[in-house]
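K.L.:
Here is how the chains run, residue by residue.
2 protein chains.
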Amino acid sequence: MATWCRVETNGRPAYGLVQGEMVTIMDGSPFERYTPTGTRLSLSDARLLVPVVPTNFYAVGLNYRAHIEWAAARHGIPAKVPAQADVGYRSPNALIAGGEAIVLPKDSPGPVEYEGELVAVIGRRARHLSEAEALGCVLGYTLGNDVSERAWQKTDRTLWRAQNSHTFKPMGPFIVTDLDPRQQRIAVRLNGRVVSEYDTAAMIFDAAHYIARMSRYLTLYPGDVIWFGCDGPTEPPLSAGDTVEVVNDAIGVLRNPVVREA
Amino acid sequence: MATWCRVETNGRPAYGLVQGEMVTIMDGSPFERYTPTGTRLSLSDARLLVPVVPTNFYAVGLNYRAHIEWAAARHGIPAKVPAQADVGYRSPNALIAGGEAIVLPKDSPGPVEYEGELVAVIGRRARHLSEAEALGCVLGYTLGNDVSERAWQKTDRTLWRAQNSHTFKPMGPFIVTDLDPRQQRIAVRLNGRVVSEYDTAAMIFDAAHYIARMSRYLTLYPGDVIWFGCDGPTEPPLSAGDTVEVVNDAIGVLRNPVVREA
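Residue numbers (the numbering used here), protein chains in the order written: chain A, 41 to 302; chain B, 41 to 302.
It is possible that part of the hints are untrue.
Copies of one chain are not kept apart here, so a pair can be met inside one copy or by any two copies together.
[What the hints assert, rightly or not] 20 Å max Cα-Cα, derived SDA-like pairs, lysine to any residue: (1) 120 <-> 106; (2) 194 <-> 62; (3) 146 <-> 193; (4) 146 <-> 252; (5) 146 <-> 168; (6) 146 <-> 170; (7) 120 <-> 196; (8) 146 <-> 256; (9) 194 <-> 75; (10) 146 <-> 42; (11) 120 <-> 74; (12) 146 <-> 235; (13) 120 <-> 244; (14) 146 <-> 66; (15) 194 <-> 59; (16) 146 <-> 169; (17) 146 <-> 167; (18) 120 <-> 83; (19) 194 <-> 125; (20) 194 <-> 253; (21) 194 <-> 151.
Don't read these hints as lab results, they were simulated from the structure.
On a predicted model such as this, the values are computed, not experimentally measured, just so you know.
Put together the whole structure using the sequences plus the hints.
P.N.:
Written out as structure tokens, the structure reads:
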């Protein structure tokens with residue numbers, strides 16, 4: 041198991057391997073070759089960046105039954121359980137790292153809600169994979185917070201404002217290799233209190249099925265990410281002054297403060 | 041008016057300025073600084089690449105009345121004229137350059153149709169632009185062919201297969217600066233015959249309105265692209281052996297052969 045981070049060092053982004061509290065800065069990246077530089081940083085001194093800026097940003101909106109049923113009852117969002125593994129999109133414009141603020145848009149009627157999600161980071165170019173082969177193209181896993189403006193979501197055909205407004209896609213903190221994506225517990229804490237907790241075992245279509253099916257119709261590229269959706273309710277909504285954390289034992293804590301646009 | 045291309049030279053991508061039949065290869069890119077290298081190529085010898093690989097790939101699905109009405113009548117695709125300028129997404133995985141083949145997926149029931157579109161290429165980071173300022177962040181314009189699998193489109197909530205299968209997004213050939221996006225005629229030729237022709241003046245929401253509205257909620261980045269949709273019918277569908285061209289007087293011809301997946 042390796043833990044990759046992306047940090048700013050000497051004003052530029054660089055990949056690093058995390059060992060305990062220390063980061064060894066690399067030349068290159070986990071997506072190609074890499075060699076250690078002489079530089080080591082303390083994790084507490086490092087400015088963590090989004091662990092990858094994807095070329096293709098895929099997201100599975102509806103992948104857990106309890107979340108689909110809750111969203112239908114609570115927000116009037118269609119309750120249809122997907123009949124097949126269809127992936128959607130988010131936009132890299134909305135990505136922020138841990139520590140950066142989620143900004144509630146000035147004119148957002150709300151509620152704005154978190155969704156804590158497991159994220160696969162593709163490690164190598166892949167096409168036409170079987171389900172048995174599929175997870176072999178994954179470098180590792182990180183966490184995402186799929187922030188959504190539920191009022192806008194009702195009339196927003198493309199989800200562009202509802203789910204991709206500035207700062208609405210926190211991702212991080214690390215990319216951790218050699219995890220089983222079917223065996224992860226994901227929690228969300230709001231101001232220190234656990235408000236959501238579920239097991240990825242409950243995915244309607246699992247990561248291997250999605251990756252295999254996607255690779256039938258498209259090429260997966262190193263650095264592409266796939267967000268796998270969340271289970272259960274995602275309340276209470278976010279308010280200015282909150283701190284929201286997505287938590288997984290192996291990957292760590294993706295922590296973001298919440299502010300209101302000035 | 042400047043005409044930018046992106047070509048492969050010495051096995052690597054490089055930007056070049058086109059003058060007549062010659063390309064002057066640049067160090068750098070039109071999105072930052074650039075200086076001429078000593079290298080000049082004949083355009084006919086150059087291997088043209090997609091003119092930019094966008095970080096954010098925006099697309100306006102429904103932006104012309106005659107196309108919306110035709111798609112509703114012909115394909116049962118919802119006929120709602122959008123009430124506001126909501127942008128959607130396509131995925132860079134599907135981009136191909138002029139000259140590369142559009143591949144009809146083996147299991148596609150069809151019809152697979154072209155859509156010839158004007159594409160804005162963002163030149164500088166932009167946020168909170170007024171409509172008067174909006175076009176100032178555009179480097180230039182290119183052409184896109186928004187290939188769509190209409191059978192899949194009917195049940196494909198996210199359009200991932202219907203519009204983003206491998207090779208479904210030809211873009212090019214050049215990025216041309218100083219065009220008026222409201223005053224362009226776009227044509228599509230199928231095997232040499234004009235099958236679609238319209239004026240961008242008929243956009244429901246114009247480029248400046250889209251860019252200003254988008255910049256209210258997100259940051260536009262250099263190299264982002266916005267595809268603006270097409271007008272009118274898009275028939276007959278594509279068949280293996282066809283050549284499809286998107287044509288504009290100023291930007292040139294985006295030409296792609298069509299093959300069936302083996």
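K.L.:
Now look at each hint and say whether the structure bears it out.
P.N.:
To see whether the hints hold, each was checked on the structure:
1. 120 <-> 106: Within one copy, since 12 Å is at most 20 Å while 32 Å is not.
2. 194 <-> 62: neither (45 Å within a copy, 52 Å between copies)
3. 146 <-> 193: within (16 Å within a copy, 35 Å between copies)
4. 146 <-> 252: Intra 41 Å, inter 16 Å, cutoff 20 Å: inter-copy only.
5. 146 <-> 168: Intra 45 Å, inter 13 Å, cutoff 20 Å: inter-copy only.
6. 146 <-> 170: between (46 Å within a copy, 17 Å between copies)
7. 120 <-> 196: both (17 Å within a copy, 13 Å between copies)
8. 146 <-> 256: between (42 Å within a copy, 10 Å between copies)
9. 194 <-> 75: This pair counts as neither: shortest intra-copy Cα distance 48 Å, inter-copy 49 Å.
10. 146 <-> 42: Neither: 41 Å inside a copy, 39 Å across copies.
11. 120 <-> 74: neither (45 Å within a copy, 51 Å between copies)
12. 146 <-> 235: neither (25 Å within a copy, 46 Å between copies)
13. 120 <-> 244: within (12 Å within a copy, 32 Å between copies)
14. 146 <-> 66: neither (40 Å within a copy, 43 Å between copies)
15. 194 <-> 59: For residue 194 and residue 59, neither the intra-copy (44 Å) nor the inter-copy (49 Å) Cα distance is at most 20 Å.
16. 146 <-> 169: Cα proximity of residue 146 and residue 169: across copies only (16 Å, versus 44 Å in one copy).
17. 146 <-> 167: between (43 Å within a copy, 15 Å between copies)
18. 120 <-> 83: neither (44 Å within a copy, 52 Å between copies)
19. 194 <-> 125: between (22 Å within a copy, 16 Å between copies)
20. 194 <-> 253: between (28 Å within a copy, 19 Å between copies)
21. 194 <-> 151: The answer is within: 12 Å in one copy meets 20 Å, while 31 Å across copies does not.
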